[in-house]
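Asker: Each chain is listed here by its residues.
Number of protein chains: 2
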Amino acid sequence: MALIVQKYGGSSLATIDKIKLVAEKIVAEKRAGNKIVVVVSAMGKTTDNLISMAMEITPSPPEKEMDILLSTGEMVSVALLCISIESCGESAEGLPGYFAGIKTDSSHTKARIQMIEPSRILKELENDNIVIIAGFQGLSPENAITTLGRGGSDLTAIAIAAAVKADRCDIYTDVDGVFTADPNIVPEAKHIPEISYDEMLEMASTGAKVMLSRAVEFAKRYNVPFSVKSTFGKGEGTMVKELSLREGADVSAVSLDEKQAKITIFRVPDRPGVSSKIFMALGKENINVDVIVQNVSKDNFADISFTVNITEVEKALKISEAIGKELGAENVLCDRDIAKISIIGLGMMNHPGVAGRMFQALAKVGTNIEMISTSEIKISCVIKRVDGQKALKAVHKEFIES
Amino acid sequence: MALIVQKYGGSSLATIDKIKLVAEKIVAEKRAGNKIVVVVSAMGKTTDNLISMAMEITPSPPEKEMDILLSTGEMVSVALLCISIESCGESAEGLPGYFAGIKTDSSHTKARIQMIEPSRILKELENDNIVIIAGFQGLSPENAITTLGRGGSDLTAIAIAAAVKADRCDIYTDVDGVFTADPNIVPEAKHIPEISYDEMLEMASTGAKVMLSRAVEFAKRYNVPFSVKSTFGKGEGTMVKELSLREGADVSAVSLDEKQAKITIFRVPDRPGVSSKIFMALGKENINVDVIVQNVSKDNFADISFTVNITEVEKALKISEAIGKELGAENVLCDRDIAKISIIGLGMMNHPGVAGRMFQALAKVGTNIEMISTSEIKISCVIKRVDGQKALKAVHKEFIES
Numbered sequence: 001m002a003l004i005v006q007k008y009g010g011s012s013l014a015t016i017d018k019i020k021l022v023a024e025k026i027v028a029e030k031r032a033g034n035k036i037v038v039v040v041s042a043m044g045k046t047t048d049n050l051i052s053m054a055m056e057i058t059p060s061p062p063e064k065e066m067d068i069l070l071s072t073g074e075m076v077s078v079a080l081l082c083i084s085i086e087s088c089g090e091s092a093e094g095l096p097g098y099f100a101g102i103k104t105d106s107s108h109t110k111a112r113i114q115m116i117e118p119s120r121i122l123k124e125l126e127n128d129n130i131v132i133i134a135g136f137q138g139l140s141p142e143n144a145i146t147t148l149g150r151g152g153s154d155l156t157a158i159a160i161a162a163a164v165k166a167d168r169c170d171i172y173t174d175v176d177g178v179f180t181a182d183p184n185i186v187p188e189a190k191h192i193p194e195i196s197y198d199e200m201l202e203m204a205s206t207g208a209k210v211m212l213s214r215a216v217e218f219a220k221r222y223n224v225p226f227s228v229k230s231t232f233g234k235g236e237g238t239m240v241k242e243l244s245l246r247e248g249a250d251v252s253a254v255s256l257d258e259k260q261a262k263i264t265i266f267r268v269p270d271r272p273g274v275s276s277k278i279f280m281a282l283g284k285e286n287i288n289v290d291v292i293v294q295n296v297s298k299d300n301f302a303d304i305s306f307t308v309n310i311t312e313v314e315k316a317l318k319i320s321e322a323i324g325k326e327l328g329a330e331n332v333l334c335d336r337d338i339a340k341i342s343i344i345g346l347g348m349m350n351h352p353g354v355a356g357r358m359f360q361a362l363a364k365v366g367t368n369i370e371m372i373s374t375s376e377i378k379i380s381c382v383i384k385r386v387d388g389q390k391a392l393k394a395v396h397k398e399f400i401e402s
Numbered sequence: 001m002a003l004i005v006q007k008y009g010g011s012s013l014a015t016i017d018k019i020k021l022v023a024e025k026i027v028a029e030k031r032a033g034n035k036i037v038v039v040v041s042a043m044g045k046t047t048d049n050l051i052s053m054a055m056e057i058t059p060s061p062p063e064k065e066m067d068i069l070l071s072t073g074e075m076v077s078v079a080l081l082c083i084s085i086e087s088c089g090e091s092a093e094g095l096p097g098y099f100a101g102i103k104t105d106s107s108h109t110k111a112r113i114q115m116i117e118p119s120r121i122l123k124e125l126e127n128d129n130i131v132i133i134a135g136f137q138g139l140s141p142e143n144a145i146t147t148l149g150r151g152g153s154d155l156t157a158i159a160i161a162a163a164v165k166a167d168r169c170d171i172y173t174d175v176d177g178v179f180t181a182d183p184n185i186v187p188e189a190k191h192i193p194e195i196s197y198d199e200m201l202e203m204a205s206t207g208a209k210v211m212l213s214r215a216v217e218f219a220k221r222y223n224v225p226f227s228v229k230s231t232f233g234k235g236e237g238t239m240v241k242e243l244s245l246r247e248g249a250d251v252s253a254v255s256l257d258e259k260q261a262k263i264t265i266f267r268v269p270d271r272p273g274v275s276s277k278i279f280m281a282l283g284k285e286n287i288n289v290d291v292i293v294q295n296v297s298k299d300n301f302a303d304i305s306f307t308v309n310i311t312e313v314e315k316a317l318k319i320s321e322a323i324g325k326e327l328g329a330e331n332v333l334c335d336r337d338i339a340k341i342s343i344i345g346l347g348m349m350n351h352p353g354v355a356g357r358m359f360q361a362l363a364k365v366g367t368n369i370e371m372i373s374t375s376e377i378k379i380s381c382v383i384k385r386v387d388g389q390k391a392l393k394a395v396h397k398e399f400i401e402s
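Protein chains in written order, with this note's numbering: chain A, 1 to 402; chain B, 1 to 402.
Simulated from the structure, these hints should not be mistaken for lab results.
There may be inaccurate statements among the hints.
Copies of the same chain are indistinguishable here, so a pair counts whether it falls within one copy or spans any two.
Claimed, not checked - With a straight-line cut-off of 20 Å between C-alpha atoms, the simulated DMTMM-like cross-links for lysine to aspartate or glutamate are:
| id | residue 1 | residue 2 |
| --- | --- | --- |
| 1 | LYS25 | GLU56 |
| 2 | LYS397 | ASP250 |
| 3 | LYS259 | GLU398 |
| 4 | LYS25 | GLU63 |
| 5 | LYS18 | GLU56 |
Predicted, not measured: the structure shown is a model, and the values here were computed from it.
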């Protein structure tokens, strides 16, 4: 008998028929002799619909009230899934986040989990109930409902798995785990049976859409191995856990982020504090900057380039132009047509020459590299967006297929 | 400065535009120097939609889970109304039923309020917040969400008004209070400025759709005067409170219930326990029986007639036929085309002859009376449905217009 935590995302619960299928899956695991805790997201587009209702009232609705509003989406999923499970003949106990003992801080709409008090969950398991918990939500020290922000349900599942000391934590989604590249672009992409937390984190930050970094970071910190599986598929999914260096493969996966834009501030007088001024201003407006490159010329002027998500480029450009002017920069330019290609792999740490092989693969297909950024287990190159898919195939061929 | 409890029903909150209008009304009362607690229902058809989702899974969804599901409807209203109020520049605090201190028993989907612990509400009022509370819901002793069943939000408002010792309790709905008859049928119907709890209770049971008995009973028991007003109209509404006998008017209102059906069990051997057998069986199936009439013939056989709501007639007929057979009744018949006309008035108690005047008014317009039922402040006659509106006008003319 194992204690299993499962998480189902909104697309797995988008219709009543899907909810019934999920219920049958859960009941099968229960009848195989396991204790089951399930964390659910809101059905399909529910959260988007709730947000647009609030936006009809005011473009910037207060966050505390948004949390009351958004938390209802997951509660509907909890109730309908419980009803489905009970109609299969098993008993279920549905718990909103605050009854499940999920204590957060007071940062409404982006709260952080501070503690999970699992006694209620454990009591319900002891009473032989399948426990269904609303993901994405918790309770603040002021006894107000909070929500955890994007990727919050994955985080709920992993935090609960840690708190109840689960034997397994399965994150069900619409893809069968992690692949060496996006199979929609690279048909030769291979399924990855297991991957380290660090590689998974780099994948999230390089544009692979499997999971947000936040939940993976939590899993890494508390060492909660979990698997990412397809809800309605048959595959084994990908196990994410602490891994030591693997022999053989130096690169685990290749990813392409086509939603990037680049801003360059030309010829800023190179004084201490110049970059901090720019990036503090962007940070204050909550703009996530990705790759940053700075070159200093012989005459003490710097060119500073950075990339942001394409959705934030106009805001970032406006700020950069204002700061550029203030700093006496010569010019601020923006390229909206770029992409970022990355290779990720624990094995890169002790395989010198990986970077060279990547650049060569890109050169072979005529792809020019505009920026380079590296970490211990990742190399990213900013290229023209039009070259993106061709580059992805070439790099995948070089490292994975050969 | 007054402490005011307001309640807004689902039709008053059916769209974002209506929610904004309600918010403006609330803010105006606040700015007039009052402390405001607002109880809300779910928007428009939300509850019906949630029920039909659950019904898609199973025709008899478990009640505890239905409560989790249905409670989300009022929470959405709470959040959107708070957002609207805050966008008008006032601060609001939204509370689900369980945070508002509404303690109920464990009868899921039809819970009874056992106690209201108003400290959180009072604290928020002290902090100068407008307090918005989800009606229709509470918390069971087992820490599960409960709902109060039909008319639950009115009940929440009146119970909270009692608990916080409100100066006023205003139930906002889509009609401007109570009229001497349904103005859609009787254009001469007059607005009633004040009415007693008992008359209001009789009105509810005779088919006037203003409010369900349950909330009125609670108001009577704890003596919570309240008014029923139109949300978007300008009228003063109707004050419902303890009234002593009024001089003058013997009949306060006339009502017509067109949703009745009659079942008659003919020639049952008249032994003790015969009626109890029939009505216990109907009660067990949750069928509400309204008027009951029993006649015993000289040869010790009884004819038993009763009325039920038309929606329950097939179920009631089936039970009656089974019990009738068991008891040796001669025949069971059903009339699906009846209506019930009632006159209500505290003054009837010391005005003899009211019944006679009613029967005469009906006779004058050629309406045959099939059953009669009386209470201290009400006389009801069961008649053919086709005669209903004509009869209503005649009786209204006799007692109200003259």
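Asker: Against each hint, give a clear statement of whether it holds in the structure.
Answerer: Results of checking the hints against the structure:
1. Taking the shortest alpha-carbon separations for LYS25 and GLU56, only the inter-copy value of 19 Å comes in at or below 20 Å, while the best intra-copy value is 39 Å.
2. Taking CA atoms no more than 20 Å apart as the test, LYS397 paired with ASP250 passes inside one copy only; the shortest distance there is 13 Å, against 95 Å between copies.
3. Taking the shortest Cα distances, LYS259 and GLU398 never come within 20 Å of each other, neither inside one copy (24 Å) nor across copies (78 Å).
4. Within a single copy, LYS25 and GLU63 get their C-alpha atoms no closer than 36 Å, and across copies no closer than 23 Å, so neither meets the 20 Å cut-off.
5. Taking the closest pair of Cα atoms, LYS18 and GLU56 come within 20 Å of each other only across two copies (12 Å); inside a single copy the shortest separation is 30 Å, beyond that limit.
Figure legend: structure checked against the earlier numbered hints; hints not met, in rising order: 3 and 4.
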